[in-house]
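Undergrad: Generate coordinates for the entire structure from the input sequences, incorporating the hints supplied.
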Amino acid sequence: MISSTDFRTGLTIELDGGAWQVVEFQHVKPGKGAAFVRTKIKNVETGAVVERTFNPNEKMPPARLDTRRMEYLYETDGNYTLMDTETYEQMELTKEQLGSALNYLKENMEVNLQTFKNRIIGVSLPNSVELKVTECEPAVKGNTATGATKNATLETGYVVRVPLFINEGDILRIDTRTGNYIERA
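Under this note's numbering, think of the first position of the sequence shown as 312, with each following residue one higher.
Where hints are given, some of them may not hold.
As the list claims (entries may be wrong) - Calculated pairs, PhoX-like style, for lysine-lysine (alpha carbon to alpha carbon, straight line, at most 25 Å):
1. Lys370 with Lys428
2. Lys353 with Lys406
3. Lys406 with Lys428
4. Lys428 with Lys461
Stated by the list, open to error - Label pairs and their in silico Cβ distance ranges:
5. Val361 with Ile482: 41 to 51 Å
6. Glu369 with Ile493: 40 to 50 Å
7. Gly468 with Thr489: 35 to 45 Å
8. Asn478 with Val361: 43 to 53 Å
Keep in mind that the hints were calculated from the coordinates and are not lab data.
Ideal Cβ positions, reconstructed from N, Cα and C, are used throughout, including at glycine.
TA: Below you can see the structure in the form of structure tokens.
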């Protein structure tokens with residue numbers, strides 16, 4: 312059990328049947344009355360952030376988040392099949408479960424699947440991925456006065472802003488945390 316006085320940023324606790332991560336915390340000792348811990352906690356499954364105060368003697372269990380290394384195999388009828396790299400067990404996920412990870416997902420890519428009480432709560436990708444440009448507007452000569460950019464469609468269908476010198480067929484490194492172009496690979 313974790314006492315509320317032991318809260319630290321990034322700590323994950325189980326509260327009301329869900330997993331919550333401490334985003335901010337502050338130990339408050341007012342002049343009158345009992346001390347308390349003011350926190351901002353984020354629901355790991357939904358992403359909702361709430362503010363909550365705890366008594367200093369309140370205790371709660373740590374949330375056990377499991378991470379499994381998976382390999383993305385293929386997509387059929389809106390279902391995305393992943394395989395556990397250790398047990399070779401396959402599972403299907405929906406678009407909603409994958410969320411924004413779909414923008415960067417390529418066949419045979421390894422991802423980490425996070426679960427809480429056997430419920431899928433998220434997919435974490437590598438910090439950057441290399442994707443091929445499938446469609447791109449040609450650069451217009453003389454249009455380079457100040458860091459101009461244009462749209463490029465990647466092999467996953469994701470559209471990203473890139474510098475004018477990028478052409479169709481180029482391989483780009485994309486930051487999966489921000490969705491921005493990093494460099495040509």
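Undergrad: If a hint holds in the structure, say so; if it doesn't, say that too.
TA: Taking the hints in turn, this is what the structure says about them:
{"no.": "1", "hint": "Lys370 with Lys428", "in the structure": "20 Å, holds"}
{"no.": "2", "hint": "Lys353 with Lys406", "in the structure": "22 Å, holds"}
{"no.": "3", "hint": "Lys406 with Lys428", "in the structure": "21 Å, holds"}
{"no.": "4", "hint": "Lys428 with Lys461", "in the structure": "44 Å, violated"}
{"no.": "5", "hint": "Val361 with Ile482: 41 to 51 Å", "in the structure": "42 Å, holds"}
{"no.": "6", "hint": "Glu369 with Ile493: 40 to 50 Å", "in the structure": "44 Å, holds"}
{"no.": "7", "hint": "Gly468 with Thr489: 35 to 45 Å", "in the structure": "18 Å, violated"}
{"no.": "8", "hint": "Asn478 with Val361: 43 to 53 Å", "in the structure": "47 Å, holds"}
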